[in-house]
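**Q** Line by line, the protein sequences are chains P and S.
When we follow our numbering, the leftmost residue of the first sequence carries the number 1, and every step to the right adds one.
When we follow our numbering, the leftmost residue of the second sequence carries the number 1001, and every step to the right adds one.
If you're looking for bench data, these hints aren't it; they were derived computationally from the structure.
Only a predicted model underlies this, so the values are computations on that prediction, with no experimental measurement involved.
Note that beta-carbon positions come from the ideal geometry of N, C-alpha and C, so glycine has one too.
Hints may contain errors.
To be verified - Reference listing, derived: stretches of chain P covered by chain S, where coverage requires no fewer than 3 residues with Cβ under 8 Å from a Cβ of chain S: (1) 85-99; (2) 177-189; (3) 198-210; (4) 214-224; (5) 349-363.
The residues making up each chain are set out below.
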Amino acid sequence: MGASGIGEGQPDGVPPPTGKEPGKPDAPPVAGPPPGRAPGARKPAPPKVKSGPLTRLREAGSTALGAGPPPGPARPEFWRSPLRGPWLTAVFGLVLLFGITVLFVTGLLSYAAYNPDLAAVNDQTPNKGWLGFYLFSWPTSPYWLYRLTQGVHVTLGIVLVPVLLAKLWSVIPKLFEWPPIRSISHALERLSLLLLVGGAGFEFVTGILNVQLHYIFPGSFYTLHFYGAWVFIGAFVVHVAFRLPRALRAVRPRLGDPAAGSEEAVGLLSPHPAAPTISRRGALAMVGLGSVSLLVVTAGQSIGGWWRRTALLAPHGQDPGSGPNGFQINKTAASVGIRPSDVGPAWRLTVRGPGRQVDLTYGQLLAMPQHESALPIACVEGWSTTDQRWGGVRLTDLAALVGLGANTPAALVESVQRGGSFRSAVLSDSQVRDSRSLLAVRVNGAILSADHGYPARVIVAGAPGVHNTKWVTRLTFGGTG
Amino acid sequence: MSAPAGFRRRYGASPLHLLLVLVSFALAAYAGLRLFEGDALGVAVWFVGAALLHDLVLLPLYSVTDRAAQALFTRGSGPTPPVPRVSVNYVRVPAFVSGVLLLVWWPLVLRRVEHYTAATALPADGFLGRWLLVTGALFAASAVVLVVRTRRWSRAQRRARSATK
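Given these sequences and hints, build the entire structure.
**A** This is how it looks when you write it as structure tokens:
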């Protein structure tokens, strides 16, 4: 498995097809062109543009630089890998077209899952304006919906890293293409590429750091990742519109490569390729192996159960303990400053409705009718648990204490937690009314542990983990913070 | 000359090209204003840095490493030019896979996340060891493939030689 593709390349001992320096495949030609190149490969095709300020500027630049690209990466022969070419770039591009589309859609769904339009406390990006045009009330069925969409979002993002890098590698000669700007349209396209590549890198880096709790990025993750995605996606759509026909042409079956320097080669083929040490299919298999390896050491944290132990490098690939409370924890009680006195005998659950308020002790809460729901915990970081058996009081039963009947309104849930995001959340009316929505006091037959929200936590079908507020002390029906 | 042709000559592409790019820039500006609202300089550095990280940092690093590996596996010396051998892939492939695993999971592998255990109640010290084990397993698998292929090859050689005798 470790040597896929080997043997498909140039066999040992066969002299390289072209070139005088096969031992130095990417050697930069320092002074003048190396001999043995196809004639005309060095100079770009004469421009079709006849006149205009840009043309004159370029001509002046060309004259100053001695007609032609300066020595170094701007010269096509600087890039010697025989692998680069329209086919390889197109294959990576088509994989990314599918993958990034799924990432964008699941990302938008994740934002919708927070019900940001419902209340200020639910919205991490309140300035979104029209970027929230698509928002809808997040459903409670199927109850595993967020577990699936966010698991796919994070796992797929990680799996695509080798493909993204390989795509960037395959088009590196274009970064240095000469002249740097050929026309106004070319200048705009290159600016768009900065948004495309910068946006892609920004999204992948912030996402990958956030799932590892490595908050070194310059601001709130939600702000950066959400707006960054919108900056990126416009450039992505433009790039697909301009390049998809070319990519589809390039992957059509054909005999051999187009000639280097030809229009079909689109500046990717080396005019002076080194002897191959691996075939294009071999390189593709190597990148695929990288993606599969990332999948294997990551996906288990989203599948849960037995599979969790296979997530060797993922942040939630181990279990924090054993027993009924031994499942994944997002933030421990200690890490968010929950004191024993906050959740001791003095703890009360305050239930508020229009003009009414009821305070319950822990014992009174336990004395209410208890129900069970089997629901997972699914985090925005992509990890999730299998269904846990929660026991507690239905949110509708608590609403009934303050005189609210079947048409229970949205509810503000507040934790004893003093600081940090998500110490409170507003649940939509459909979330509150779902018969599986509980203020849980037990899990898997045991009392909740401190880290899972003792004395009481919310559990709602299909909601992101942080909306299953822990250490709940107040429920305000009809309140939106 | 017709108007579209004149536009194409001056602009370099069709009017639709210009419209599409302008729509995307307007969207990018709308979202960008919000992206840059906080630490504008920090976001700019991260955004441009993300665009250049691979092309100007990672690519030169791994290209030089790959060239060095190829030189190790090159056959032939003296006046004839040396020939690179495909056997470099027995090192290249496991090194690539191990490298992308580290590239993605380095904060945990290199123990950069101080509050990891405090937040999750999970041990932080196993990641480096597991990454090293995975790396070792990848190189070991590659070695097994190399041994199997070398044996098969030499057996075929022997058979071919005895057939010609």
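**Q** Now look at each hint and say whether the structure bears it out.
**A** Against the structure, the hints:
1. By the rule of at least three residues with a Cβ nearer than 8 Å to a Cβ of chain S, the coverage given for the region 85-99 of chain P is violated, with 0 such residues.
2. Counting residues of the region 177-189 of chain P whose C-beta lies closer than 8 Å to any C-beta of chain S gives 7; at least three are required, and the coverage claim holds.
3. Evaluation of the coverage hint for the region 198-210 of chain P: fulfilled, as 10 residues show C-beta separations to chain S shorter than 8 Å, against a requirement of three.
4. Counting residues of the region 214-224 of chain P whose beta carbon lies closer than 8 Å to any beta carbon of chain S gives 7, which reaches the threshold of three, so the coverage claim holds.
5. Beta-carbon proximity to chain S at under 8 Å applies to 0 residues in the region 349-363 of chain P; the threshold of 3 is not reached and the given coverage is violated.
Comparing the model with each earlier hint shows violations of hints 1, 5; every other hint is respected.
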